[in-house]
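Student: Sequence:
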Amino acid sequence: MNLPRIVIALATAPLLGSAAVAHVTLENREATAGRSYKAVLTVPHGCGSSPTTGIRVTIPEGVVSVKPQPKPGWQLATVSGPYARGYQSHGRELREGVKEIAWTGGSLADDRYDEFVFVAQVDASLAGAGQVHFPVVQTCASGEARWDQVREAGSTARLERPAPALRVLAASGERPAQGAGHGAAASVTKGDIVVAQPWSRATPGGARVAGGYLAVTNRGAQPDRLTGGSADFAERVEVHEMATVNGVMTMRGLGGGLEISPGATVELKPGGYHLMFVGLRRPLAEGQTVKVTLTFERAGTVELNFRIGSIGGRAAPGGDDHSHH
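Following my numbering, the numbering of the sequence shown begins with 14 at its first residue and continues without gaps.
Read the hints as simulated data drawn from the structure, not as lab findings. Some hints could be false.
What the hints assert, rightly or not - The list that follows gives simulated cross-link-like pairs (lysine to aspartate or glutamate, EDC-like), each with its CA atoms no further than 16 Å apart:
1. Lys304 to Asp245
2. Lys112 to Glu74
3. Lys84 to Asp127
4. Lys80 to Glu109
5. Lys203 to Asp127
6. Lys304 to Glu254
7. Lys84 to Glu128
8. Lys84 to Glu74
9. Lys80 to Asp123
10. Lys203 to Asp123
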């Protein structure tokens with residue numbers, strides 16, 4: 014499983030009055046919004062000559078579905094709580110989750126190196142956020158080092174104890190994080206709208222319609238509305254809703270479009286809201302990528318690359334891994 018990875022880099026600073034420093038990292042400084050990542054937290058030093066006995070990391074808002082890896086010889090604990098809002102993940106809404114991870118009870122000598130691992134998902138709503146911060150507390154046999162300072166906007170002041178920072182990539186103009194091959198297409202930001210994981214299914218020869226699926230997040234203070242779009246492989250791109258009423262499956266076009274409320278994420282998926290590519294001019298083949306332009310009332314047009322999965326597929330190509338849930 015290829016997962017995007019992140020780096021948390023801690024600047025050199027005096028620690029507990031000792032000349033020695035604690036330098037904690039995670040393998041990559043970047044992650045892509047709307048994708049999963051595997052974080053490998055590395056600890057190569059203690060506090061001066063004092064061994065490390067605990068690592069605690071605080072998870073920022075928008076990093077969800079957190080699942081830490083147990084570590085032999087260490088006690089693993091998590092603190093869970095409500096999110097500021099709901100997040101969509103693999104077809105379900107998440108309202109709460111892990112907010113803090115702590116590994117304690119071990120002993121890592123100052124001259125030894127070790128790793129602490131967790132997996133999670135960077136929500137599409139973090140696209141365009143720039144950086145998010147992961148405050149870390151390194152507890153040692155003698156004292157602790159707290160890395161929790163965040164630079165104010167516009168400030169260039171040097172921080173003595175900077176909080177680890179993660180750069181979140183989202184817009185199509187930014188390069189994807191190295192190794193971020195989890196299979197989902199990159200997120201795209203236009204104004205306050207973030208569109209993530211666009212995909213469709215392969216179609217048999219002669220098919221006249223196909224579905225389109227994605228997640229849309231509105232980071233603004235005003236509602237927006239997805240009204241449709243265009244594609245060179247279809248005559249029309251419409252917004253539809255599928256629902257079961259009294260045991261009967263129905264599908265209808267949303268002529269007025271689909272509202273995306275402020276702060277909300279709406280998932281278009283099989284069996285619910287979805288795009289309909291009407292009047293296919295050619296079959297969609299598994300493994301290919303096709304361009305689609307969506308239209309929003311406020312954000313305007315957004316151009317996306319839709320990845321084509323298998324006929325009858327239920328999740329984005331390469332994005333149906335549930336190992337971290």
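Student: Please go over all the hints and tell whether each is borne out by the structure.
Tutor: Structure-based check of all given hints:
no.: 1; hint: Lys304 to Asp245; in the structure: holds (8 Å)
no.: 2; hint: Lys112 to Glu74; in the structure: holds (8 Å)
no.: 3; hint: Lys84 to Asp127; in the structure: holds (10 Å)
no.: 4; hint: Lys80 to Glu109; in the structure: holds (13 Å)
no.: 5; hint: Lys203 to Asp127; in the structure: violated (41 Å)
no.: 6; hint: Lys304 to Glu254; in the structure: violated (22 Å)
no.: 7; hint: Lys84 to Glu128; in the structure: holds (9 Å)
no.: 8; hint: Lys84 to Glu74; in the structure: violated (25 Å)
no.: 9; hint: Lys80 to Asp123; in the structure: violated (27 Å)
no.: 10; hint: Lys203 to Asp123; in the structure: violated (47 Å)
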